[in-house]
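J.: As you go down the protein sequences, you meet chains C and A in turn.
Its first residue numbered 613, the first sequence is counted upward by one per residue in this note's numbering.
Its first residue numbered 231, the second sequence is counted upward by one per residue in this note's numbering.
Source of the hints: derived by calculation from the structure; they are not laboratory data.
Just so we're clear, the structure is a prediction, and the values are computed from it rather than from any experiment.
We put the CB at the ideal spot given by N, CA and C, even for glycine.
Heads up, a few of these hints could be off.
[What the hints assert, rightly or not] Residues from chain A shown here face chain C by an in silico Cβ test under 10 Å; the list is partial:
| id | residue |
| --- | --- |
| 1 | Trp280 |
| 2 | Glu344 |
| 3 | Tyr348 |
| 4 | Lys355 |
| 5 | Ser450 |
| 6 | Pro495 |
| 7 | Thr499 |
[What the hints assert, rightly or not] A short, non-exhaustive set of chain A residues, derived as facing chain C with CB atoms under 7 Å:
| id | residue |
| --- | --- |
| 8 | Ala347 |
| 9 | Thr351 |
| 10 | Leu446 |
| 11 | Gly447 |
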Amino acid sequence: MAKLSGIWAAALATAMMPLAAHAADPIKIAVIAEASSISGASIPQAAHLAADEINAAGGVGGRMIEIVEYDDHNSAADAVRAFQRAANQDHAHAVIASYISEVVLALEPWSGRLKLPMITPGAASDDISHRVHNDYDNLKYTFHGYLASTFLSDSVCDGLKVVAVDQLHMKTAVVMSEDAAWTIPLDAEYLKCLPKIGIKVLDHIRLSPDTTDFTPVFNKIEGLKPDVIVTGISHVGVQPTVQWHDQQVPIPMIGISSQATSSTFYKDTNGATESVIYQTVSAPDVAVTAKTIPFTNAFVKKYGVTPSYTGYTTYDEVYYIADAIKRAGSSDPDKLVAALETTSWTGTIGKVEFYGRDSDFTHALKVSPEYISGLLVQWQGGKQQTVWPSNVANAKVSFPAFVKLPTN
Amino acid sequence: MKLLQILIDGFAISSLYGVGAIGFTLIFGVSGVLNLSHGAIMVTAAVAAWAAAGTLGLGPYGGAGAGVLASVAMSFATYLLVVRPIQTSKRIPREEKEIFVLTGTLLWGIMLQEAIAYLFTSNPKTVLPLIPGVISIAGIRTPSQEIVTAVLSWTAIGALWLLVNRTRVGKVLLAASINPRGLTLLGFELPTIYLYVWGLYGVLAGIAGVLLGSFLGVSSDNVGQLTASAFSIVVLGGLGSVTGSLVGAYVVGYLETITAYLISPSIRTIPVLLLLVVVVYLRPQGLLGRR
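Chain C extracted, bound-state conformation (with noise of 0.2 Å):
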């Protein structure tokens, strides 16, 4: 008898070891971004950093988290490719793609034919969810883990009540943006968000991608005497803050500069970008949640540089998708959409949650004091400060001796 229950359970563990070997599969979540780039290298980057940690403590359910790396060199058509391999070839189960608005929406559709779910997490056209509103059963397989455009004006705003309008008695303004597709709803909120607040909009410069020299357009600027320059520059970065200072132009910069979110702008500019005042949702020097702090310095040091406001969605898009999986207890892509679409976690960034289908913005972060909220940064002395709000900001503002603030 004792013999005979030794072969059922040697013919049981033989039946069972596709089953066993399976469930030891890798977790394979596919990071498509410009390697090359201050925003994007934080992305993969990032990535590694959370799957190590995640492995080092027994994977998702004994699974290990594999990231598999493709270079886009910001390029739709590239990131196509990519995306299709690692759907067709290398059978990721996730994809965490590109920080550039026409990358993300090229893919979108992508994502809904091979059903791959893909979270970006640092494009920020308000397309990107309202395409899965209009087409949830199609692109369902979507989700923006970045603030929307229409929501990283409205923080800007909200900072620059606080900052611009009541410290610094700012009245007027010019709004500077890059022309790409995440600007326009963008530069539309701006428009309508800053005459709210108190600051009548002077003029709304588009700025070409291409653009080296900003000397025409700071002169331009100049000339209509705002008391700030509201900005919506992440493509082009180093060469408008550099020619800013080397100028000495009086007036100060403010609002999305997303490249000066790392240390490596900082580097880059020779310093230049000291005194600039960025827009983020997580910052080295505060405790957004339990988990900021400590992400940013296992990033430093591991990389050498703080990272990109890439890196640290990145950090918790790799979590929260191998916790959907675990709720999921598969990593189906459907069973997965409906994991995520119920994500309630907390990351580096604040609490995650998603937009519903009734949201015109489905799938995108919830925005709010209670989920995530913005925080003004500005670079001080070459260390990243937080200036807003004022119930985590550790600074307050101050400009070089060349930048006029308002008399009164």
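On the provided structure of chain C, position chain A as indicated by the hints.
T.: Structure of chain A alone, referenced to chain C:
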């Protein structure tokens, strides 16, 4: 006020274009090579200067020197690894060598561009200015580096003029551009002359790259644009003509600046391209071309 601003900015950028383009035209004039890795060599100089000044802590002057040295080294590498093997190859038909050199230098430039992006990211780098701060010229706030750019560009151009017109080496270079065959009959070694001219080119492209890096900032993404800009200038001025290149540089520099100030910075280069089409159509040899 705006006119004065255009005059100042246009002069600085045109001087910079000039020093970059005369190296490009010198190589063509003396050795018949259109070096399509020109932009990559300029960017190499700027990125090397940025890295040496910041990462290695050599400061602005040490950085600038390192940038020019890197450019000279890359210039020799371009000649010895790409151009010379094609020129001396017995397997490439003589009539096809020019197109092989064009393709070879173009691919070499792309390789350098990718290597810079891989090692230093494609984000623009700004070289530390030699003289920081701003000065006022008739009420126009002008960065000191803009003045430095114009002065150093003209110093380099002046030094080249002296070299070509007042030294033996310069006269040999001039002779090589007019009648290389005659020069070999007099006992001069053309490969040695080519080495001189590539060295000289490296210095000029290096100065242009470092100054551009400190004036506007450059990234590996600018490689194609810088080559195209130098190419436009020398075609406009006349291929192989140093004076023509200088005239071309000022036409391009001022046309771009006027467009940027009076119309829009986003269409800065379009009038220049239109002018180029007109010049190629009406006067294919360029403004001061010899043929």
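J.: Please go over all the hints and tell whether each is borne out by the structure.
T.: Going down the list of hints, with the structure as the test:
1. Against a cut-off of 10 Å between C-beta atoms, the interface hint on tryptophan 280 of chain A holds, since the closest Cβ of chain C lies about 8 Å away.
2. The restraint placing glutamate 344 of chain A at the interface with chain C holds, with a minimum CB-CB distance near 9 Å, inside the 10 Å limit.
3. Annotation: interface hint on tyrosine 348 of chain A holds; nearest CB of chain C at approximately 6 Å, less than 10 Å.
4. The interface hint given for lysine 355 of chain A holds, since its Cβ lies 6 Å from the closest Cβ of chain C, which is under the 10 Å cut-off.
5. For serine 450 of chain A, the interface hint holds, since its Cβ comes within 10 Å of a Cβ in chain C; the closest pair sits about 8 Å apart.
6. The interface hint given for proline 495 of chain A is met, as the beta carbon of that residue sits about 5 Å from the closest beta carbon of chain C, less than 10 Å.
7. The interface hint given for threonine 499 of chain A is met, as the beta carbon of that residue sits about 8 Å from the closest beta carbon of chain C, less than 10 Å.
8. Hint on alanine 347 of chain A holds. Least Cβ distance to chain C is approximately 4 Å, under the 7 Å limit.
9. Contact between threonine 351 of chain A and chain C, as hinted, is supported at the beta carbon level, the nearest pair being about 5 Å apart and thus within 7 Å.
10. This hint holds: leucine 446 of chain A has a C-beta 5 Å from the nearest C-beta of chain C, less than the 7 Å allowed.
11. Residue-level restraint check for glycine 447 of chain A holds (minimum Cβ-Cβ distance to chain C is 5 Å; threshold 7 Å).
Consistency with the previously given hints is maintained throughout, with no hint failing.
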